[in-house]
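Asker: For chain P, the structure is supplied; the task is to place chain C on it using the hints.
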Amino acid sequence: MTSPTNVQKFVMNDVPLNKLQDVESSLKEGGCINIGHKPGGNGYTVTALCPIHDDVQNDTIDGTE
Amino acid sequence: MYAHTIKLALILSLFILLNACTTLSGTPKSPLEFSDSRTLSYDSEDVINEYAKQFAQQAIGKVTDKPTRNDLISKALTIMDVRYAEFINNTETNRKNKEMFTDLVELSMNLAGTVVGAAGTKTILAAISAGVNGINGSIDTNYFYQKTFQSLVAQMNADRKAVLVYLTKGMTLPIENYQWAQAVHDLIDYYNAGTLLGAISSIQKEAGEKEHLAEDKIIEIRQVDFKASDAGDWLENYIKPRGFLNENKRQHLINACIKLTPLWKENPSGSVVAEFLYAAKWESQRIDCKNKLTETQ
Chain P
0 MTSPTNVQKF
10 VMNDVPLNKL
20 QDVESSLKEG
30 GCINIGHKPG
40 GNGYTVTALC
50 PIHDDVQNDT
60 IDGTE
Chain C
0 MYAHTIKLAL
10 ILSLFILLNA
20 CTTLSGTPKS
30 PLEFSDSRTL
40 SYDSEDVINE
50 YAKQFAQQAI
60 GKVTDKPTRN
70 DLISKALTIM
80 DVRYAEFINN
90 TETNRKNKEM
100 FTDLVELSMN
110 LAGTVVGAAG
120 TKTILAAISA
130 GVNGINGSID
140 TNYFYQKTFQ
150 SLVAQMNADR
160 KAVLVYLTKG
170 MTLPIENYQW
180 AQAVHDLIDY
190 YNAGTLLGAI
200 SSIQKEAGEK
210 EHLAEDKIIE
220 IRQVDFKASD
230 AGDWLENYIK
240 PRGFLNENKR
250 QHLINACIKL
260 TPLWKENPSG
270 SVVAEFLYAA
280 KWESQRIDCK
290 NKLTETQ
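Protein sequences appear in the order of chains P and C. Per numbering that gives the first Met the number 0, residue 0 is the first one in the first sequence, and the count goes up by one each step. Per numbering that gives the first Met the number 0, residue 0 is the first one in the second sequence, and the count goes up by one each step.
Honestly, the hints are just simulated from the structure, not real lab data. Treat each hint with caution, since some may be false.
[Claimed, not checked] The calculated label-pair distances, taken between Cβ atoms and stated as ranges, are:
# : chain 1 : residue 1 : chain 2 : residue 2 : range
1 : C       : D287      : P       : P38       : 19 to 25 Å
2 : C       : I199      : P       : G39       : 36 to 42 Å
3 : P       : N5        : C       : I187      : 51 to 57 Å
4 : C       : M170      : P       : V10       : 28 to 34 Å
5 : P       : P38       : C       : H251      : 17 to 23 Å
6 : P       : N17       : C       : S150      : 40 to 46 Å
7 : P       : G35       : C       : S150      : 25 to 31 Å
[As the list claims (entries may be wrong)] DSSO-like, lysine-lysine: derived pairs with alpha carbons at most 27 Å apart:
#  : chain 1 : residue 1 : chain 2 : residue 2
8  : C       : K239      : P       : K37
9  : P       : K37       : C       : K289
10 : P       : K37       : C       : K226
11 : P       : K27       : C       : K226
12 : C       : K226      : C       : K289
13 : P       : K8        : C       : K280
14 : C       : K291      : P       : K8
15 : C       : K168      : P       : K8
16 : C       : K204      : P       : K27
17 : P       : K27       : C       : K239
18 : P       : K27       : C       : K258
All of these numbers come straight from a predicted model, not from anything done at the bench. All residues carry an ideal CB built from backbone N, CA and C; glycine is no exception.
The following block holds chain P by itself, in its conformation from the complex:
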């Protein structure tokens, strides 16, 4: 991962209660901020602001270019 240049608003719908913590911690581990959830649909809607990395387009499977 490289330094972020922009931010994406990420929304995941229908997250069940027993997976809420896993989803949110995974987002946190990815460097996302302002992670929150609210009831909606068939579960919870999780939202977060996540950094977008701009120089990964040419990466290969082992991380080299």
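Answerer: Same frame as chain P, but now just chain C:
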């Protein structure tokens, strides 16, 4: 005896109120006061008397050469820096004195309330005590924003430095490129940067700009639906054995699986792992990934 105590308490309360009002101006004393457009008066305290006098004599005059301009700017900066230092020191000292004095009076009132007998007198003393406390709280709330004074000082320092850059850069320029009128304008900005109102205004402005910047940076909104799956659970346990994240396995997962899917190019963001593990649209890729990692184990 009781009447005497009450009178003393009232006098103390009034003193605190007046003392607070005289010390909390919110701005340092200006080194220059333009009483009208043609007349310039100046402060003449000993430490900066001579500088102030020279500056005042020439500030509204026509300065046509670089050495004179720079000499006047330097002297004006000295005046303002001295005043600013006095302002910061006095304001902080007064704040501490006020707090200490208010605490003492409040304590005295409470103590007096415990030794006097009449219920009415106790009530009056308690009311005065509450009033003293209330005055202190009100002043702090309105003028010092509780404990944010140091933040305001930091903002004032930063703003002053920012203006100082213009001034010092201007002093290197010839007189035709940095005229005296512009220098005076920048000096006034330098003075205003050292006021509480200037600091508050600057903080509000920066907050607005940062909010605007944050909005600009959100370049897209990505929506996905969650889907529970066995493959997802398996991968989750793979990168979070016993519930704790294993950074190496997480990185391996990203390299080995996610980069083989369209997801990596589609969404190279901090949410990529969460999306791969839990989003419905990547279920077949999750199963492939699980099989691939199982084979390599």
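Asker: Is the gap between the beta carbons of N5 of chain P and I187 of chain C within 51 to 57 Å?
Answerer: 39 Å Cβ-Cβ, so the 51 to 57 Å window is violated.
Asker: Please check whether N17 of chain P and S150 of chain C have a Cβ separation lying inside 40 to 46 Å.
Answerer: holds (43 Å)
Asker: Measure nothing beyond the straight line between the CA atoms of K168 of chain C and K8 of chain P; if it is 27 Å or shorter, mark the hint as holding.
Answerer: violated (42 Å)
Asker: Starting from K226 of chain C, check that the Cα of K289 of chain C is at most 27 Å away, please.
Answerer: holds (16 Å)
Asker: Would the pair K291 of chain C and K8 of chain P pass a check requiring their Cα atoms to be no farther apart than 27 Å?
Answerer: With Cα atoms ~31 Å apart, K291 of chain C and K8 of chain P exceed 27 Å; violated.
Asker: Can the restraint linking K8 of chain P and K280 of chain C be considered satisfied, given a maximum Cα separation of 27 Å?
Answerer: Given pair K8 of chain P, K280 of chain C holds - Cα atoms ~18 Å apart, limit 27 Å.
Asker: Would you mind confirming whether the straight-line C-alpha gap from K37 of chain P to K226 of chain C stays at or under 27 Å?
Answerer: holds (17 Å)
Asker: Quick check on a hinted range of 28 to 34 Å for M170 of chain C and V10 of chain P, using CB atoms only.
Answerer: Violated - the Cβ-Cβ distance for M170 of chain C and V10 of chain P, about 54 Å, lies outside 28 to 34 Å.
Asker: Please work out if K27 of chain P and K226 of chain C have their alpha carbons no farther apart than 27 Å.
Answerer: It holds: about 19 Å lies between the C-alpha atoms, which stays within 27 Å.
Asker: Return holds or violated for the Cβ distance of I199 of chain C and G39 of chain P against the range 36 to 42 Å.
Answerer: For G39 of chain P against I199 of chain C, whose Cβ atoms are near 40 Å apart, the range 36 to 42 Å holds.
Asker: Given the hinted pair K27 of chain P and K258 of chain C, is their Cα-Cα distance within 27 Å?
Answerer: holds (20 Å)
Asker: Do D287 of chain C and P38 of chain P keep their Cβ atoms within the hinted range of 19 to 25 Å?
Answerer: Taking Cβ atoms as reference, D287 of chain C and P38 of chain P lie about 33 Å apart, which means the hint is violated.
Hint check: violations occur at hints 1, 3, 4, 5, 9, 14, 15, 16; the rest are consistent with the structure.
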